[in-house]
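Chemist: Single-letter residue listing:
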Amino acid sequence: MCCQPPLAVDDIEELYQENIERVMNAPKGLPMIGITGGEPTLLGDKLIDLVALVREQLPDTEIHILSNGRAFVDGNYTMRLAAAGGDKLVVGVPFHSDYCLDHDLIAGCKGAYNETMIGLYNLAGAGVCIELRIVMNAINYRRFVPMAQFIHHNLPFVGWIAFMGMEYVGYAIKHSKNIWVEPKSYIPELCEAVKYLAEWNYDVCIYNIPLCLLLEQYRKFAVKSISDWKNKFLDLCDECSVKANCCGLFSTSIKPYEGLKPID
Amino acid sequence: MNYHLLPFTFTRISNHEVLVNELGDMIISPFGTVYKLVNREPVDEELFKSLAANFFVSDTAIPVLSDIYALRLREKKRFLDQFTALHIFVLTLRCNQNCVYCQASSCNEDCTSVTMTMHTMKKAVELMFKSPSPYLTMEFQGGEPSLEPKLLRYGIELAEEINKAEQKNINYVLCTNCVDLTDEVMDICKQYKVMISSSLDGPAYLHNTNRGKKDSYEKVVAGFERARSILGHDQVSALMTTSELALDYPIEIVDEYRRLGFRSIFLRALNPYGLATTNPDWTDYTDRFIEFYKTALNYIIDLNIQGTFFIEEYAAIILKKMITPYTTGFVDLQSPAGIINSVLVYNYDGYVYASDESRMLAEFNDYTFRLGHVDEPYENIVYGKAAKNAAKYWSNEALAGCTDCGVRTYCGADPVRNHSTQNDLYGYRPASLLCRKNKAIIEYIISLIIERYDEVMPIFKSWLL
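Residue numbers (my numbering), protein chains in the order written: chain X, 110 to 373; chain U, 13 to 477.
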C-alpha cells in the first residue's frame, strides 16, 4: 500500500551528494530534518554519516527518520546510528498489525514483522525515541484494539503512537480492493484503541483524519498532519467552525473521504 | 492447523475461558477454546491472531521472537534483580497497646530483655549493606518501636554514616501505632525523612474493640494529625487488619479511611500467627473475608465511578501483574517468594529471619526460618542451611497445585505460611486457605474485567499510573 512506491533504480549515490549539500546550506535554526525514502536504512553506513553530519552542522535540529525498522535487527548498526543522532533523534516505524502474517502481507515482505519487532527492541535499547505509526487499512482495522493492548504489553517504550489515515495514491490505488477502507468504517475501532492507550497515558495521536469524522471527545487527539503543499479543503469546509484546526484532505488523493460535513 | 502451543494455564471465570501465559498476558475466550487448541481445531480467526501475537501459540517450536519473550519475562521477575531491598529491624517486643489479634507476641511496656542491643543493631546495619541492592528500605517494627528512640536514632545514624561511602538510596519507615509519638521520635523522623506506617482498623468502636482499649482510636487519630503536621500529609500511611468483628463493616471501614484523608486502603486479612491463632475457625473466617473483600472492593469501585479517586491496594498489586508488562515489589505475592530475595528481618534477639512471619513463628519456638545470627558472616545467613531449605519450595512454577493453576502468574509462593498452617513447607493446595483466599480474589478481579470492562478498566488503570 506504499504511497511513495519504490523504484528499481540505484539512486543512492546521486541523492546522497544532493542531501549533503542541502544539510551544509540549511539555516542553523531549522527545527527538524526529515529523512525518508524509499527506505533510508538501505544507505547503510552512509545514513549514519548523514545523521552525524546533520548533528555536527545543526546541533539543535531534531532528526526524524522514517524507516520500516527491519535494518535495526542489527543491534550494532542501531547503536551506531543512535550514537550519531544523539538525543534529538526520532525514528518513525510503521506497525501494520500485531499478527505477523497481516503485517507481512501489508509490508509486502515475509519475515518483515519479526525483523521490525526485534528492530523496535534494539532501537529502544539504544535509547532512540520511537514514533509507532499505524497506517489504517482494510486488513488491520479490526485489530486496532488488540493492537493497542499488544503495544501496551510488548512495546510500552515507544515515544508516541500515531494512527494514520491512508493517502489514496501510489500502491494504495493499485491494491485498492484489498486495502482501501473508508475511515467512517473504522472510526469505532480507532476511537476505542485511542481511548485504551490514552487511559494508560501513552502519547497517542490521529493523523490525516478530518475532525468531522471524529466524535468530539476524540478530536483532541487529531493533529494537523498534512503538509501545506499537499492538503486541501472542500467547499463545504468553509462553513465549518473548526476548519482552522483540521488537517483537511490530501490534495494528492484521487477522491475525498465519505461522510464529511461542516461542524457547527 | 499446524502450530505449537507455548506454556500457558487456563481457568473458567464468568462463562469464559481465561488463558494466561508466563508473562501474565491474559486472553479471554469462549468455552472450549483450549480443547480446540489442543486438538488443532479451528478457532475464531481474530482470537487465533491474538493468541499468535501474544505468545500462546507459535508456528515454530521455539518462537522467532523468543528473545523478546525472555526480555519480557525478565521484566516480570525484576524484583529478583538486585536481591534484598527491604530490611526489617524488630527493635523491641515492648508495646503500649494490647491488640486482640497481635501477630507479633508483643509484651508489656515494662518488660526487659525483649529489646535489641546496640551491638545487634550495629551488626544488622552492616549486614544490610552487604545486600547488592542499590535501594534499601530500613523498616522499624516491634512491639512498638517508638518506645526505643535511642536505638532508632543509633540505627539510622549508623546507616547514614556507612552510606557516605556506599551511596545507596535509603528509605526509612517507622511502623508505629502513633499512640505516643514523642518530640524525640518526631525529631528523628523529621531529620531523616522517616515515613510513618501505622495501623487503623476502621471506625472508633471497631478499632477500640480490636485494640482492647477505650481510647486507642482517639490517640491514634491525634497521632496521625500530629505526624502529618510535622512530617507532611503523605509521609503518613495506615494499614488495616480485618478482625472477625471487622468482617461486618466493609463500607464503614472504607468510609473511615476516606474521612481521615487517605486516598487508599489495603484490605488485609488476618494472618494465622501469634495471638491471632486463637481465632476459632479459619475456614469460616477465610470465606467471610472473601465476601467482605468483594463488598468493600465494589464499594470502592462505585466511589471511583462517582468521581472519588480511591485505591484498594491489594487489587492494585494484582492488577499491575495482570494488565501491565511490569511487576511489583510486594513480597507476599512473588515467585520466587519474597523471603530472603526481597526481605530480611533482624530480630531484637540478634537472629536474622527470612520474613516478618518467620520471626513471629520463633516466638512459639519454631526456628525453621531462622537464617543465622547477626554475628555470623553474610554468606552464612543468605546461603545457609535454612535459606537453602526454604528455596526448594519458593517457586510456584514448581509446586503441585500451583504449577497448573489458571491464575498462578498473579499469585506467589509462601513456604512460611505453608509451614505454619500445614506443617509442611511444600504445602497442600486443596486445603490451603491462603490459596483459597488469593484465588478467589484474583478470579473476582478477572470477573469484574470480563463483566464490567468499560466501567472498571478506566478505574483500574488510574490506580496504576
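Calculated directly from the structure, the hints in this document are not laboratory data. It is possible that some hints are incorrect.
[What the hints assert, rightly or not] The calculated lysine-lysine pairs, modelled on DSSO-like cross-linking and capped at a C-alpha distance of 27 Å, are: (1) X/Lys329 - U/Lys473; (2) U/Lys61 - X/Lys304; (3) X/Lys219 - U/Lys61; (4) U/Lys205 - U/Lys225.
[To be verified] To be clear about the criterion: a stretch of chain U counts as covered by chain X if any three or more of its residues have a C-beta under 8 Å from a C-beta of chain X, and this derived list gives those stretches: (5) 134-146; (6) 310-318; (7) 413-419.
All residues carry an ideal CB built from backbone N, CA and C; glycine is no exception.
Chemist: Which of the listed hints are broken here?
Modeler: The structure conflicts with hints 4, 5, 6, 7, although it agrees with all the remaining ones.
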